[in-house]
Amino acid sequence: MSPGLVCAGAPAVGVLCLVLLFPSVSRAADPAPVQQLQDSGTQVPLRGVYFHNAATGWVVGDGGTILLTNDGGGKWAPVSSGTRALLTAVQFVDDRRGWTVGSHGTILHSNDGGLSWKRQFSGMQAPLFGVHMVDATTGWIVGANGTILSTSDGGRRWVDQDSGTGMALYAIHAVDVNRAVAVGAVGTILSTEDAGSTWSKHETDSAATFFDVWFNDESHGWAVGNVGAMFQTLDGGRRWVDRTLPCLGTCTRPLDLLRIRFTSPEAGWIAGERGVVYRTTDAGFQWVKQDGEVTVSLFGLSFPEPTLGWASGDRGTILHITTP
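So that you can map any letter, position 113 of the sequence shown is 113 in this note's numbering, and since no number is skipped, the others follow by simple counting.
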């Protein structure tokens, strides 16, 4: 690892200099996590996964597919969604209330732990790619054409906010009811500090498409995307530092990174193209490539506990990850 120096500031307030350690990729690691395939009972792409705890989880995918488990994935049961839409993301705020979104402006809501789903009105036909609810009443959804929808009443009404961009937005993460960051195509990163009344665009000097964003707290966040793109912020998303992973060995093109999750300020995971899984235990200074048998792309990632996680992906893949 080699240190880099990044400075920013104005004469009136002085200059702020941050010393950053740029990331490396390694195969040496702590005791290796165990990756175990679970039987989903389907071959359709599973694009989103969310676990509320070690036992209860949901996956969503193409053709309106929703699967539910109450035993940590030992058995996955199909649930009627009432739609054939491609479902892209799912989130629950407790063991009863959850949302999933997808193509044709689809928003579905459950009040009974995912056993049944009711449609909520989005007011549009654009595909929706990401959802993040802060609590049972407040949250955001993002999608194609710069779509940002917000709710303050649990989705009874979704309000179309002005994002200031026409780029597709693939993910959003909110740290509270006022502050959120959305990411998308062609290096797009947007943030709000006033519940979405205004959205600010942040420069990354990158044309990468960002597929996911995650914040550990109000200051520290990460965005990942195609061709190995990885950017970090230490100031709540105002400024982003390129931490893109290098292409090593026989690599001809870094793999697309599709999901990122942290379970603590130090411990994080990335899943992506061709079944790639990376792990960090030192706040992202070093990312360790995990060995596994999965070769299909992983679209979803969820860690209800620091030592337990699940990934979902192409060909009905559900991958259970446990750490020593």
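The reader is advised that the hints may include incorrect statements.
If you anchor each label on the Cβ, the simulated ranges turn out as follows [claimed, not checked]:
#1 266 to 116: 36 to 42 Å
#2 70 to 145: 36 to 42 Å
#3 291 to 217: 28 to 34 Å
#4 293 to 246: 21 to 27 Å
FYI, nobody ran anything at the bench for these hints, they're computed from the structure.
Glycine included, each C-beta is placed from N, C-alpha and C at the ideal position.
For each hint, the structure was consulted:
Range check, residue 266 to residue 116: about 39 Å between beta-carbon atoms, so the 36 to 42 Å window is met. Remark: the range hint 36 to 42 Å for residue 70 to residue 145 is upheld by a beta-carbon distance near 38 Å. Take residue 291 and residue 217: their Cβ atoms lie about 31 Å apart, and the range 28 to 34 Å holds. Look at residue 293 against residue 246: about 25 Å separates their beta carbons, and that is inside 21 to 27 Å.
The structure agrees with every numbered hint stated previously.
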